[in-house]
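*Asks:* With the hints as your guide, set chain B onto chain A.
Protein chains in written order, with my numbering: chain A, 1 to 609; chain B, 1001 to 1439.
Note that these hints are calculated values from the structure, not bench results. In this text the structure is predicted, and so the values were computed from the model without any measurement. Honestly, I wouldn't trust all of these hints.
Computed footprint of chain A on chain B; a stretch qualifies when at least three of its residues, placed anywhere within it, have a C-beta under 8 Å from a C-beta of chain A [as the list claims (entries may be wrong)]:
id : stretch
1  : 1302 to 1308
2  : 1324 to 1338
3  : 1350 to 1364
4  : 1388 to 1396
30 Å max Cα-Cα, derived DSSO-like pairs, lysine-lysine [claimed, not checked]:
id : chain 1 : residue 1 : chain 2 : residue 2
5  : A       : K208      : B       : K1320
6  : A       : K7        : B       : K1281
7  : B       : K1320     : A       : K225
8  : B       : K1281     : A       : K109
9  : B       : K1250     : A       : K7
10 : B       : K1134     : A       : K7
11 : A       : K211      : B       : K1250
12 : A       : K26       : B       : K1281
13 : A       : K8        : B       : K1281
14 : A       : K26       : B       : K1320
15 : B       : K1132     : A       : K8
16 : A       : K8        : B       : K1372
The C-beta atom is built at its ideal place from N, Cα and C for all residues, glycine as well.
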Amino acid sequence: MNEEIRKKIYITGLLFIIIIVIFIIKLFTLQIVSNYKYILRSISNIENKVEIKPLRGEILDRNGIKLVENKPVFNIYFVKQKDTSRRLQEEIFLLSKILDISYKKFYKKIQNIGMYNEVLLKSNIEFDTLSYILSNYDKFPDIRWKESYIRHYTYNEAFFHLIGYVGEINRKELTLLHLKNYEVGDIIGKMGIEKKYDSILRGIKGEKILKNNAKGQLINEIILKNPIPGKTLKLTIDRYLQYAAYQLIKDFRGSVVIQNIKTGEILALVSSPSVDPNLFSEGLSKELFLKLLNNPSNPFLFRPISAEYPASSIFKLLMTIAGLKEGVINLKEKILCKGQLELGDRVFKCTERHGYENLLDAIRDSCNVYFYNVGLRLGIRNIDKYAKELGFGSKTGIDIPNENSGFVPTPEWKINKLHEPWYDGDTLNVSIGQGYLLVTVLQINELTSLIANRGHNFIPHVIKEIIDSNTKKTISFVKPELKTNVFFEPDIWDTLIKGMIAVVNEGTAKIGGVTTAVKIAGKTGTAENFGEDHSWFTAFGPVDNPEIAITVMIENGGYGASVAAPIVATLFEIIYGNKSLEKAKRDLEKARYKKYIQLLKEGKIGHHH
Amino acid sequence: MKKENKISIKYFDPILILTMLSLIFIGILFIYSGTRNIQSLHNKYINQLFFTLFGLLTSFVFIFFNYKKIGDISFVLYILLNILLLFTIVFGKRIHGAKSWIKFGSIGFQPSELGKLIFIIFLAKFISLYEKDKKYLSSFKFFITTGFLALIPAIFIVVQPDFGTMFIYFLIFIFLAFYSNMNTEFLLSILIIIIIGATIPTLRAYYNTIDIYIKIKNIIYSNIYFYFLSMIFFISSIIFLIIFLKFQSKTMKILTFVFASLGISFLLGIFLDSYFADYQKQRLLVFINPNFDKLGAGYNIIQSKIAIGSGGLFGKGLFKGTQSQFGFLPERTTDFIFSLICEETGFLGSFILLSIYSLMLGRLLWIAFKVKDLFGKLVTLGVFSYFFSQSTLNIGMTIGLMPITGVPLPFVSAGGSSLLTSIYSIMLVNSVYMYRYSA
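The following block holds chain A by itself, in its conformation from the complex (with noise of 0.2 Å):
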């Protein structure tokens, strides 16, 4: 027995060494031959490279007024520790009521997520829930927290077209911009300002370590590279007038243009109906974003630049222009209105028998026949050629994105695409601004600075200067550029404003557009639609010295001078007459509602003009 067992000790003796062996040789290949490896993953467990956020640049009205700054939020973390007891499920039950999140939605988020990863629980929440939170450590330890900044739009809905609104980068945009150092989670503009100056505003990251111990509870920090951020971009807008604009048209669906005629500078571009872009940094619920996108009055459409519309009779001034170079049509002949204008078998109306009248006349009434004549003595390819010459069928070149360029229609487009030859009848359509042609709210403005400047206007812009966010020095600034420049007859623009001066003192905008602040000349518009008509007003003003240019349109607001002329002449004497916003409202209602019993009296309403 005794020297068996002595052998058999041998043999384990054998298989400890063996055993031995094996563990030292495994100890040498982790410590000595991977231990570079294993050095590297020791540090990567503790020390975490991080990005440090860049502000994103503010944007300022031209008096340095903060439209978009960024206001600093809380947001709530929760880290998954090893405690799955009774415990925990209290808390998750106490901080489900607190944050308002359903108790399995919250189960949900925690479940799937490693120990001691942290899952955001929920951003932007008030400081008084993160005090209550703080205040009572001892019941959510897995709670941590931290700071981030998101967008606030100071003037909600009245800038929401114009700077837009920004969000978390999609698919579809880092596909197109990974190469330009954009990243997963990154905040990126998603319309107007923010969009199209993003990488402007944006900054450049930074980066720091963050040493974590096992529970994720911080240890060190240590910075890398400092962010730089965003600069600061300052617009040429007014935010009293675009605010003021926007209240003013806020319950139709339309656009107001305000413009320094002298530069370009845009003072106020409106459209509504809009959206509070604030909804978008608080985080929007999928069911809202959806019903915004579905609402068919689309307020999402930055109408003055990207809406085309019929031109209507503004369309009178290009006409006269056109006319009055060509010389088919002089100051002083007079043409018969017979309230229409037969045409081979068909019958082109007027809004009245206005008559014989002459050119001032036929400004100042906005008669059709007149202009009728005029389109059938051009022809089309006159009409054309002064069309794209001032302006009309291409983009101004404003720089905002989602511009489009509206349309002059020529034969050749009529024979492609309809294949339909070109008749009269089209030319007296687009002589009076409808049929084929569309212009864009902004167009039609830059044709009244044209006529106001006598021969020339500019590119219109937003953007004024760009200022370094840390030294508030300007980094470079937008000068003006001459868009049309045309030397025509002085005779030319003394006629049209003229005759825009007598639309406002005596003619079509009579009612509507007369301002006792300042001396303005316009242009009322009725595009016919298939609905109620598009009313329209254009002005410029002072008449002596012009500066400003204003063009509002309402879509479906009926006849021209009752709807747009009153907005139009509010927002001069907001600017000439220190009127106040609240007054003019008030005034603004009082003369809707004279009109209308003017207009009834007048057997007006319904007509087109």
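*Replies:* Relative to chain A, chain B alone:
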């Protein structure tokens, strides 16, 4: 009596005692290192120190009494052990999913730990009773009887369920059966049964996590195929048995055993598959590839390897291991204390630790070699197999060579029951050594 003692004190074994004390010292040092950043665990190393002193003081019993007297009461101890284990299952406290603790006031106690020593003493005594009857020792009947007696406490531990501890009991039994020249065919059979039996649930759990051809999946997951296979094995085994009975060939005898055990192993595999909890299967899987579940079961082993590997030649320095001090290494005072030592003292430290263990284990084998009394010999070999298998499993686990079994590292891991049992075991062997010439 007095004279006997005087003689024996002279033979007090310094190597066993010194290696034991140095291991305990290393343990306490690194328990302190592993808990110094955690307020609530600050007393853990003091506990360990207390248990050391308590263990050393109480173990003087083994010095002043002849170890053979313990052998005489081993049957009583065995009965007591089983009662305690049964008591634990009924009234025990569940910690980490296993009901293996009973509480006396504020002190918790793990009967299955102390049970290891009782198990060794009992088996050694039981085998040495039949020292003279060599034929009976290698007989089928003796193997079945011993196996049955060994199975009772093992079953109680499986029920807790504490798979790791049960495995140590099993290994102690295998070793002692091997030394006492029990039936080798049985041993072979048992190994086949265990290996294949454990492979089946592991494979199933593995294939559950990956995409494989659907037909293969059907075969792996339907029990019918397995029943069918085991039937074939049983039938072949019977055929071999018939041939063996006719021709008395030794090959046929072995083949009979092998095929019978193949049959049993497939049945066992199906049983184990339904017996193991998902987390236990996960552990087996993680052994195959730690990347299976990086933050769950795999997390431990990955962090352990990072701790060991990043230690380098000289280590990061005492109390300077980032893996341990910042809490990435889990269970760093118990199951993974070896990784902590490797991180802070490097290859040099782990080599020294392994050397101390080798010295102790080698000394145990040497004593077993020298001692003439069979009971003493078997007790020594039992203690050797206990330390040998437990430290192999523990270290093997931390360096990723063996599955996560959750057995502590003898003398070093924090834990009173384990430490006391280890101290008593060494002191008992010391007693065997001291009294090796006594009648």
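*Asks:* Report the numbers of all earlier hints that the structure fails to satisfy, in ascending order.
*Replies:* 6, 11 and 13
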